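A.B. asks: Given chain A, put chain B in place with the hints provided.
Chains as they are written, first to last, in the numbering used here: chain A, 17 to 471; chain B, 4 to 115.
Derived from the structure by calculation, the hints contain no laboratory data.
It should be emphasised that the depicted structure is a prediction, and the values quoted were computed from it without experimental measurement.
Cβ atoms here follow ideal geometry from the backbone N, Cα and C, with glycine treated the same way.
Each statement offered as a hint is correct.
No more than 25 Å apart at the CA atoms, straight line, and that leaves these computed lysine to any residue pairs for SDA-like:
(1) B:Lys20 x A:Val234
(2) B:Lys15 x A:Glu232
(3) B:Lys20 x A:Leu371
(4) B:Lys20 x A:Asp154
(5) A:Lys42 x A:Ala87
(6) B:Lys20 x A:Gly379
(7) B:Lys15 x B:Thr66
(8) B:Lys15 x A:Pro254
(9) B:Lys20 x A:Tyr269
(10) B:Lys20 x A:Asp384
(11) A:Lys364 x A:Ser408
(12) B:Lys15 x A:Val377
(13) A:Lys138 x A:Glu462
(14) B:Lys15 x A:Arg297
To give an idea of the chain A side of the interface with chain B (calculated C-beta under 7 Å), a few residues:
(15) Thr58
(16) Ala265
(17) Leu268
(18) Val377
(19) Pro383
(20) Lys448
Below are the chains, spelled out letter by letter.
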Amino acid sequence: MPTDEVRILTPTGMLGYGFPLEWFRKGLDMRPDVITVDSGSTDSGPQKLGLGAMTCSPEAYLKDISVLLEAAAGRKVPVYISSAGGDGTDAHLDVFFDMVHQISRERGYHFRAASIGGSIDKDLIRRRMKEGRVHSLDGTPPLTEEEVAAASNIVAQMGVEPFLTALERYGKLDLIITGRSYDPSPTAAACIRRGMDPALAWHMGKIMECGALCAEPVGRCIFGFMHRDYFELEPLNPAERCTCASVAAHTLYEKPHPFHLRGPGGMLDLSDCTYEQVTDRRVRVSGSRFIPEEHYTVKLEGAKCVGFRTIAIQGARDPAFIRAIDQLTREIENRVRTAYFPDVPADKYQIVFHLYGKNGVMGDLEPDMESQPKELCVITEVAAVSQELANSICGRIRTDLLHAPYPGRIATAGNCGSPVTPLEIPLGEVCKFNVYHLMEVDTPIEPFPIKYVEI
Amino acid sequence: MPGERRLREIAKVVRSKNSGPFQVTFDVIFASNEDFRRVRDSGVVTRALVARLYRISENEIVTFGFFERINAIKITIPRRNPQGSIGETDMHACQQHVPLAEIAIPWTKEAA
Numbered sequence: 017m018p019t020d021e022v023r024i025l026t027p028t029g030m031l032g033y034g035f036p037l038e039w040f041r042k043g044l045d046m047r048p049d050v051i052t053v054d055s056g057s058t059d060s061g062p063q064k065l066g067l068g069a070m071t072c073s074p075e076a077y078l079k080d081i082s083v084l085l086e087a088a089a090g091r092k093v094p095v096y097i098s099s100a101g102g103d104g105t106d107a108h109l110d111v112f113f114d115m116v117h118q119i120s121r122e123r124g125y126h127f128r129a130a131s132i133g134g135s136i137d138k139d140l141i142r143r144r145m146k147e148g149r150v151h152s153l154d155g156t157p158p159l160t161e162e163e164v165a166a167a168s169n170i171v172a173q174m175g176v177e178p179f180l181t182a183l184e185r186y187g188k189l190d191l192i193i194t195g196r197s198y199d200p201s202p203t204a205a206a207c208i209r210r211g212m213d214p215a216l217a218w219h220m221g222k223i224m225e226c227g228a229l230c231a232e233p234v235g236r237c238i239f240g241f242m243h244r245d246y247f248e249l250e251p252l253n254p255a256e257r258c259t260c261a262s263v264a265a266h267t268l269y270e271k272p273h274p275f276h277l278r279g280p281g282g283m284l285d286l287s288d289c290t291y292e293q294v295t296d297r298r299v300r301v302s303g304s305r306f307i308p309e310e311h312y313t314v315k316l317e318g319a320k321c322v323g324f325r326t327i328a329i330q331g332a333r334d335p336a337f338i339r340a341i342d343q344l345t346r347e348i349e350n351r352v353r354t355a356y357f358p359d360v361p362a363d364k365y366q367i368v369f370h371l372y373g374k375n376g377v378m379g380d381l382e383p384d385m386e387s388q389p390k391e392l393c394v395i396t397e398v399a400a401v402s403q404e405l406a407n408s409i410c411g412r413i414r415t416d417l418l419h420a421p422y423p424g425r426i427a428t429a430g431n432c433g434s435p436v437t438p439l440e441i442p443l444g445e446v447c448k449f450n451v452y453h454l455m456e457v458d459t460p461i462e463p464f465p466i467k468y469v470e471i
Numbered sequence: 004m005p006g007e008r009r010l011r012e013i014a015k016v017v018r019s020k021n022s023g024p025f026q027v028t029f030d031v032i033f034a035s036n037e038d039f040r041r042v043r044d045s046g047v048v049t050r051a052l053v054a055r056l057y058r059i060s061e062n063e064i065v066t067f068g069f070f071e072r073i074n075a076i077k078i079t080i081p082r083r084n085p086q087g088s089i090g091e092t093d094m095h096a097c098q099q100h101v102p103l104a105e106i107a108i109p110w111t112k113e114a115a
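Bound conformation, chain A alone (with noise of 0.2 Å):
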């Protein structure tokens, strides 16, 4: 049964986020075929996947999934959400899961769910690193057995094959729910399933995973229409409009290239796309090309913990003090290292000055070197094997930044003002992304575990 148009409402760039109810209801009156919404990211950094923390709290997805799943319920309009919790680990699928099962026993919902896990299991990996079937990406370092081994999670970002084999293993499906995926795959498989051409599919999906990122002025929600031959797009606000500057600009938004875009098994080439002013508000796209790989690789995203972290928050005034500030420093970390920790090896801690007001942004690509700040904040970071260590080298740091003689002083109580207590501020562990990789896979549904829950 050949389809004309698929219609798809993503209510927002980010599952936790909020979106607007009135522009949401509008869509669904609008009679979509698959509400598909993304709630992952790498963007806030390591710690998530590192410590397996949620991207939003689950009050915030609770609120967000309750919206969804009264759709689901009551307008029979599947809902597909991808990257569960924002890392996509498994254990952020079965939270995301709790959630479904206890908004649907407090009001009566049934559903045909499918879980998709995204966690991939070490063993997989390393059989792969034995095959030389794991390639670095974007300059990292060739991954090895001590890094799977340290990483606290490692997840995959699963194409659209694991929805389609999802939906035809099972059927009718009102709910699907994955673990880590590449953002535009929901709203990918949505159009491949109703028999749409995958390149127009995962151009589409590319642009509705960040909501009406790409209306101008930026909005929530976005409504797609997919043809045979091209796709529209439509922000649900009346207030925002698609154009094609902004539709054809979208896909430089956090990508390397906008026109080249890799996603599991290929690369969608947007080259020689055509964007058309169909209404003052809506964009017609066509054109897009989709170029599969040789072997069918997916992007494993791990991390792992490096450390403990203490901070210090520090702000001067006084001319003398900042003038001397890197000389100061400096013999500050040679006093913490030769007279107050000689006994704790080197490789033990390290010691970071943010100076806000000289280069705390820049650091050393800062290109004013030259002018003198009226006011100095400095943020003591000390990285060490310990949180007890990091303390109290922070501690120490900061006792002298507060004390130490420097050239001009006159003010002999205190070099400079803290704001908060604790005076050092201990930040637990820290991150670091150690795996970023692709992986081969024999089949594209081979990682991750597709599973029918009746709900």
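C.D. replies: Structure of chain B alone, referenced to chain A:
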């Protein structure tokens, strides 16, 4: 300087952002094709400039291009350190555009 304008005064958008945890990417988007062409044809924004501003070698640059269809310059380079670990100063790499935005482009009325 008379006869000069900074990129930040010419472009509609000059921004930087992570492109994954190991790269930072820059978008310079112009409101008009005329502005885009004048900057491109000035010859000021080059791979050598990017290498100098961000202290990398030219062959480390991942993407450098003038994309006329979207009136934009796209530049992608390696991040100095993987995102969000010890010593991070800009988690989202969203303030790294400033050295680029401050670049002066020869700009006279006649140039149009």
